[in-house]
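A.B. asks: Sequence:
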Amino acid sequence: MLHEAIMREESVEYEEGIILQEFRKGFKLGERLLRPAMVKVSAGPGPEKSGDDDPTEVEDSVAPSRVEENDDDGFDDGGDAE
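Numbering (UniProt numbering), first residue to last: 1 to 82.
If you're looking for bench data, these hints aren't it; they were derived computationally from the structure.
Every residue, glycine too, gets a C-beta built ideally from N, C-alpha and C.
You may find that some hints are simply not true.
To be verified - So the derived label-pair ranges between C-beta atoms look like this:
1) Gly46 <-> Ile6: 13 to 21 Å
2) Val12 <-> Arg32: 36 to 44 Å
3) Glu10 <-> Glu31: 33 to 41 Å
4) Phe27 <-> Met7: 15 to 23 Å
5) His3 <-> Gly46: 21 to 29 Å
6) Glu10 <-> Arg32: 30 to 38 Å
Let the sequences and hints guide you as you build the complete structure.
C.D. replies: Structure (structure tokens):
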């Protein structure tokens with residue numbers, strides 16, 4: 001994993017998965033990833049709005065975000081914690 005998506009934003013300009021902004025630069029040493037970049041990615045175009053919607057009805061239309069979690073920090077913890 002070269003980057004970690006921490007935010008998603010709807011975009012009519014870009015298709016899903018395109019990096020829109022970098023919040024923290026990532027680092028590699030040779031082929032080894034030292035720290036993934038933290039980025040905001042495009043979620044693609046949002047749902048189309050129709051003019052026939054009843055404004056009194058409220059729907060939860062928030063799409064779940066897919067944020068990749070990286071629990072492995074690359075450091076040796078020194079064995080079992082006591």
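A.B. asks: Just tell me: holds or violated, for the beta carbon distance of Glu10 and Arg32 against 30 to 38 Å?
C.D. replies: holds (35 Å)
A.B. asks: Can the suggested window of 21 to 29 Å be confirmed for the beta-carbon pair His3 and Gly46?
C.D. replies: Between His3 and Gly46, where Cβ atoms are some 23 Å apart, the hint holds.
A.B. asks: Assuming the hint says 13 to 21 Å, is it satisfied by the Cβ distance from Gly46 to Ile6 or not?
C.D. replies: At 19 Å between Cβs, range holds.
A.B. asks: For the pair Glu10 and Glu31, does the Cβ-Cβ distance stay inside 33 to 41 Å?
C.D. replies: With a Cβ separation near 35 Å, Glu10 and Glu31 satisfy 33 to 41 Å, so the hint holds.
A.B. asks: State, for the Cβ atoms of Phe27 and Met7, whether the hinted interval 15 to 23 Å holds or is violated.
C.D. replies: With a Cβ separation near 21 Å, Phe27 and Met7 satisfy 15 to 23 Å, so the hint holds.
A.B. asks: Could you tell me whether the CB distance from Val12 to Arg32 stays inside 36 to 44 Å?
C.D. replies: holds (38 Å)
Hint compliance for this structure: every hint is met.
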